[in-house]
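Protein sequences, first through last, are from chains A and B.
For the first sequence, my numbering gives the first residue as 1, with consecutive numbering after it.
For the second sequence, my numbering gives the first residue as 1, with consecutive numbering after it.
For the record, the hints were derived by calculation from the structure and aren't laboratory data.
Hints are supplied without guarantee of correctness; some may be wrong.
Examples of chain B residues lying across from chain A (beta carbon under 8 Å, computed) [claimed, not checked]:
#	residue
1	Leu-151
2	Ile-158
3	Val-159
Glycine residues also receive a C-beta, built at the ideal position from the N, C-alpha and C atoms.
Chain residues, written in single-letter form:
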Amino acid sequence: MPTAPHYDFVHATAALIAILALLSGLSLLLVKQVHEQVRVYAVLSAFAAGYTLLVGIDRVDAALIVLAVWTALIKVIVIPISVDRAVTRQVSEHEVPLVVQVPMSLLIGVTLTGLSYWSASALPIQGALLPAPALGMPLSLVLIGFFFMITRQNVISQIVGLLTLENGVFLATVAIAPGLPFAIGFLLLLDLLPAVVFYGVFARLIAVRAKTTSIEDMAVLRG
Amino acid sequence: MAVWILIMLALPLAAAAGGVFIGDRPAMGWLSLAAAAGSFACALVVVFAYDAVRGRHALGSAFFLDALSGVFLIAVAFVYAVVAVYSAGYLLPGIGHIQLRRWYWPLLNLFGLALLATPVLANLGVLWVAVELTTVVSALLVTSEGSDESLEAGWKYIVIGSAGLAVGLLGIVLIYAAGIPSLGDHYTPTYPTLAHAAPNLNASLVRTGFALALVGFGTKVGLVPMHAWLPDAHSEGPSPVSAMLSGALLAAALYAVLRIGAITQRTVGPSYVHVLLLVFGGLSLLLAALFTLRQTNYKRLLAYSSIEHMGIVSLGIGIGGPIAAYGAFFHVIVHAAGKTLAFFGAGGLLSRYDTRDADDVRGVIRLAPFTGAMVLLGALAITGVPPFGIFRSELLIVTGGFLHSKYALAGLLVVFANVAFVGVYQVFHRMVISPGEPVAGDRTRIDRPEQPLMAIAMVVSLTVVLVLGLWIPSPLNRLLHGATTVIGGRV
């Protein structure tokens, strides 16, 4: 049994990181600028890495600590810089037209968060360091990522939405299955790299061809 | 067995690597063809010579092969092999319309590698990685004709597919978490480990995990309502890629669903898995069949037919019982052969008429009798007309439904399989046999001899779907029976 002061501090820090991660997810819904969206994703990823590091230290698990460092390297530095460089400099417009305006987006985001916590509370699951329901925050990020993807008609925004969703799944993995073999965790993270490269290739193709990263005109195929 | 599996996977990898050095030369086609044929031969050895029905580990716990893996491995290996043969002809100058020629073969071989790996990987986490790899590689293949439409289709596919797979991963994580109380904190989530511990897993976590896996991987299967990417990707990709997507990719994703379903049914009983498969399968069959009635793009029509067939397989396993499940697994194999034939035929049409609009294609049988005959036979095969294998598999599923008093489900299959028959056949009949001129007037038609490699691929697919309609070899019969004991065999 860990000693109370250390235990409380670690739990409190984990809860704080969870709150900050959730707020970063929600703040994504406030941002219209493409560059800002990529930065918010980097901040969210930093919290994901921080949480992984905390769990790794608490469990004295070297694999999780290495995973946290890799997460920071790939998601906080490599991916945001590559995504930003790959496309946003190719186009003139940087503000994403919104299908759902900011106040309504935020309201829906908060509703999705409530829904996530409510559904997660039905699952009998203990999360590493997180207050119950452990899956509430990761599930909220998954749903916010989905909602963001659907309502932003822009290639970069959709990539950011997809990566936010992936961050939610990553946090869920660390929260409820921290013992998942390192090889798998590492492979999942490694798998993200080619995926992002391919997203980047696509985004660049679209941007170069259409001189825009908007996908509003991508509606030829129907029925 | 491990050596054969490793060779099977090393061949496409070597061919993909070769593509980087050889580039866009005919030798690359021959190299890929040899790699794909070699992989298919290895798959046959692995499944039949080592008796997959008994369930075996290989290379420690890296690979696991049982009858369920065997069925899907045979299907994907066959499709990869015939697609390689067809592509070697399709990529010759003046036939296909592929722009990204330099990357076609490396990507196709990587796609083949990921598809072959999926059914033999024991670890659910690594299996997910393999399925994810199929998405990123095949999405670029979809765009290889270089049109705006193909770019749109590729983008939709990669975004929807990746989002779906993220949900599928969440499902796997929940199932992993369900095993922590009984298997400890650091176990490796291989199928045999989880299947053995299944009765002790947390039921509500497993239920939720399977539901998420079904939605996630079901997105790649093209199950309604997660199917939005499929008609676009299948219709805008080059025809051999469409054949690979339809015959192999959908099957590989369905394999992931069934593998997780097999664990789930050991924990919570078969009815939960069956009900979910029935709901998604029934919905897919119903809507896809209705959509075939309003299509004029013949490749898009085949795409909806793929959704319909994945619905039929899900329905067959959902109905449950040895006969319906046997029919469903048999359907995976005959659909792979039938749909490759149909898409190969569609590729032949596209290369001659340069249009996907069925209204602009008439009199194929007079211009190109061989292609016309193959297109029509392909349409008949995939719509379940006797004596083709799909008729046999659908009949088995319907018989299984009636035997277990699931009359409404059997009736649903009979009615909507016939709706799809009307939808598909009328369009292909008009294009191939009906006299008269194209609606848009006299379009450019390329009158040239049949390309031999494309013709060989079509004849092979036709032979397989026809022969299996008349005779099921006993090793295959045993394999199919074996698969029903893994999932679907119980009511």
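How the hints compare with the structure:
no.	hint	in the structure
1	Leu-151	holds, 6 Å
2	Ile-158	holds, 6 Å
3	Val-159	holds, 6 Å
Of the numbered hints stated above, none is contradicted by the structure.
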